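K.L.:
Chain residues, written in single-letter form:
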Amino acid sequence: MNALRNFLDNVKPKFQEGGKFAKFRSTFGAFETFLFTPNETNKCGVHVRDAVDLKRTMIVVVLALVPALLFGMYNTGYQHFRMTGELADVTFWQIFFKGFLAVLPIIVVSYVVGLAIEFASAQMRGHEVNEGFLVSGMLIPLVMPADVPLWMVGVATAFAVIFGKEVYGGTGMNFWNPALLARVFLFFAYPTKMSGETAWYYNYSSEVAVDGFSGATPLALANGGHYTAFSDAFFGLIPGSIGETSAVAILIGAFILLYTGVASWKTMISVFVGGIAMGWLFNQIGSADNAMAQLPWYNHLVYGGFCFGAVFMATDPVTSARTEGGKFIYGFLIGAMAIVIRVLNPGFPEGMMLAILLMNTFAPLIDHFFVQANINRRKKRLTIKA
Amino acid sequence: MSEVIKLKKGLDIRLQGKAETVYAQIPLPELFAIKPADFKGLTPKMEAKVGDKVQAGSVLFYDKQHPEVKFVSPVGGELVAVNRGERRVITEIVVKADSAVAPVDFGKADVSKLTRQQVVDRLLEAGAWPYFKQRPYNVVANPAAEPKAIFVSTFDSAPLAPDYDFIISTNEEFFQQGLDVLSKIAPVYVGTHNNGCSKAFANAKCEKVTAFEGPHPAGCVGVQINHTNPINAGEKVFTIQPQEVVAIGKLFATGVHDFTRVVVMCGSEMKKRAYVKTVLGAQLSTMVNGNLEAGHVRLISGNVLTGTQVQPDGFLGFYDSQLTAIPEGDEYEFMGWAAPGFNKFSASRTFFSWLTGKKHEYKLNANTHGELRAFVVSNEMEKVFPMDIYPEHLIKAIMAEDIDRMEQLGIYEVVEEDMALCEFVCTSKIAIQKTLRNGLNLMMKEVG
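Protein chains in written order, with our numbering: chain A, 1 to 386; chain B, 1 to 448.
These aren't lab readings, by the way, just hints derived from the structure by calculation.
Nothing false has been slipped in among the hints.
Incomplete in silico selection of chain B near chain A, CB under 10 Å: (1) I326; (2) S353; (3) A366; (4) R405; (5) L409.
Derived DEER-like restraints, expressed as beta-carbon distance ranges: (6) K271(B) x W93(A): 56 to 62 Å; (7) V447(B) x K380(A): 19 to 25 Å; (8) A22(A) x V89(B): 32 to 38 Å; (9) R87(B) x L35(A): 38 to 44 Å; (10) F24(A) x T286(B): 47 to 53 Å; (11) F369(A) x D402(B): 14 to 20 Å; (12) L101(A) x L442(B): 56 to 62 Å; (13) T170(B) x L4(A): 56 to 62 Å; (14) A373(A) x A145(B): 27 to 33 Å; (15) F334(B) x W151(A): 34 to 40 Å; (16) A373(A) x D402(B): 17 to 23 Å.
What you are looking at is a predicted structure, and each value in this text was computed from that prediction instead of being measured.
Think of the CB as a built atom: it goes at the ideal place given N, C-alpha and C, for glycine as much as any other residue.
All chains, please: the whole structure from these sequences, using the hints.
P.N.:
Right under this line is the structure:
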């Protein structure tokens with residue numbers, strides 16, 4: 001490691017002010033701090049600091065995404081072979097490898113495009129490169145359908161990073177979740193590639209598909225009155241976006257996030273409570289001509305992106321409510337809105353993504369009321385005195 | 001039985017290097033100094049000149065804004081140097097001790113027969129007034145101010161902090177006499193811990209004694225004020241530390257301003273960790289020479305959260321009763337963000353150090369462990385900040401220099417030490433204490 005450190009120390013002056021490559025200071029800094037935690041020490045204020053930094057926090061989230069990613073790879077292969085009717089003839093590893101081949105390019109495109117923009121904008125601003133995209137770059141592939149064209153992933157990532165994040169000033173300043181913005185961009189720009197019956201199958205074509213193959217997702221099926229069994233959706237060998245199908249894999253991730261203290265249990269639980277409450281309410285009201293309203297509330301939680309959104313998207317601290325009380329309201333409304341959109345507007349089966357983006361928009365308003373309440377408490381104390 | 005307030009929020013940083021409760025015999029140094037930088041916002045005006053003979057208690061300098069606030073020499077001897085830093089700001093006023101010189105005798109006084117103004121005048125004359133810090137802003141108190149209360153926290157919950165129960169054991173009656181003096185100025189509120197604390201503290205005769213339970217910052221006087229009698233806009237309170245109360249008690253009882261201080265030498269890089277009887281402003285050399293571990297060591301006058309970095313030939317801070325030595329930590333760590341981190345202390349469980357149990361003590365260094373970022377993680381500061389204030393919103397208001405909002409969000413109730421833990425846990429490595437000081441300075445300038 002010393003050789004590497006010496007090399008970095010040797011080239012460092014070239015990247016510092018007045019050096020030959022001073023323009024690439026941010027890029028050099030990003031690689032240097034990736035390899036070596038800096039030797040910087042506290043100059044003012046506290047003399048010791050918590051060992052955690054943003055790199056560590058982000059890496060924990062990426063780690064929490066790994067179960068969903070691995071399962072997503074397997075499921076992508078599984079759904080592919082189900083589509084071609086070869087499921088009985090392939091081994092576990094063949095299935096996984098097929099999915100791996102399908103998912104890897106999407107991840108590569110997402111990271112390459114996103115990080116290129118991140119590096120470029122950090123360079124332009126003269127800032128350090130922020131770690132936020134480490135997570136976004138993994139979230140974007142996981143909310144994509146398996147058969148999404150790679151150029152679309154690139155365009156969506158670019159849109160999300162530039163218009164979802166950099167224009168506001170980068171990580172920590174954005175108010176919409178960039179990964180969801182990428183998905184919603186594709187959803188409205190290229191609806192045929194993002195929904196329907198075929199987008200979920202890697203290399204889908206009518207020639208290779210078995211006769212009479214129907215590939216609708218549980219949500220689309222539920223709309224027609226056919227309910228996928230809870231256990232199937234819970235374990236996740238069902239069609240859907242790459243990372244969102246298995247509640248088991250997602251809950252492993254949820255456990256990591258909550259145990260390490262990276263994500264807020266308040267937000268996460270509230271989303272589920274909101275979803276359950278609204279799903280139950282619709283079950284009680286019922287509606288003869290709306291099969292979605294009759295979908296048992298517990299099925300809502302495992303269909304579509306509900307689980308994934310609750311665990312990985314709603315808990316993004318930057319776009320979520322930042323006051324503790326606010327998180328309960330923010331989470332509850334996400335869960336409730338997601339079900340409302342699913343039930344009352346079957347045109348948008350994926351209510352979760354829209355609900356989260358909607359509540360991202362309102363999160364500062366929720367916080368405002370909590371901060372204002374705090375201000376009023378302080379004022380009241382003064383008037384009681386006087 | 002006094003009232004008990006239980007605080008849940010906070011964090012005890014389990015640092016290696018706690019001192020034993022024994023006294024080490026260490027000779028007094030030759031040099032002593034008062035550092036004007038210990039008093040926020042103060043412009044010193046010199047009264048004594050280099051070469052002057054001084055007694056313990058003779059005036060060295062006074063406050064330009066409040067000339068009646070005098071700062072006196074802690075020892076008798078000769079004023080040997082007035083050191084200046086950038087832009088000729090006075091950094092140290094150094095006195096060379098001569099044990100033959102007798103201290104100034106201010107005369108004994110029965111405090112019960114004095115008026116409030118007479119008490120204030122005596123304290124000003126003897127140079128004991130700077131012990132009072134005024135909130136909001138944490139500056140040396142204005143003698144003309146009428147504080148609604150004086151707060152004394154009788155325990156320090158900061159990492160490796162001195163044990164005041166041990167320090168006070170030989171001076172219990174002076175502590176109460178000091179409280180009687182304070183009570184002439186304003187009602188006195190004493191905060192104690194609830195774990196067998198000294199009788200001098202628990203049974204103190206004053207306006208109110210409140211016991212506090214919980215992790216750091218339960219011992220921070222600001223937190224105690226917030227939970228007993230919070231500061232509203234326009235109000236002022238004074239705070240003072242236990243050893244300073246004792247000094248005031250002695251001043252009235254004996255007529256001599258006694259600058260003796262007990263200081264704890266602690267930290268993982270301090271070889272001999274013990275309590276030392278020394279004098280305010282003492283040069284550190286006799287305490288640290290040969291007493292520091294090898295390697296690059298950072299020496300701190302005060303604790304690791306709020307103290308000031310000092311050199312081994314530097315001087316003890318005016319308000320400090322603690323001298324901490326930790327490793328500097330100015331080295332690179334290969335892929336530190338990816339390491340399992342069994343030996344890394346974190347309030348979160350992002351490192352596997354949670355496996356080592358709740359008793360494990362850590363050797364922390366002064367490394368920042370990351371680079372400055374924008375606010376990302378929420379609720380980490382709230383978890384260690386036991387006040388009804390939104391720390392992040394307050395800091396953002398300060399960054400935006402929005403005076404109305406700072407006031408609304410409660411800037412009057414906090415000073416740096418109350419928010420030091422917020423800075424410690426901040427994932428984004430934001431300089432919370434410096435930002436808060438900027439906000440306080442701005443408020444002082446604009447609101448007064």
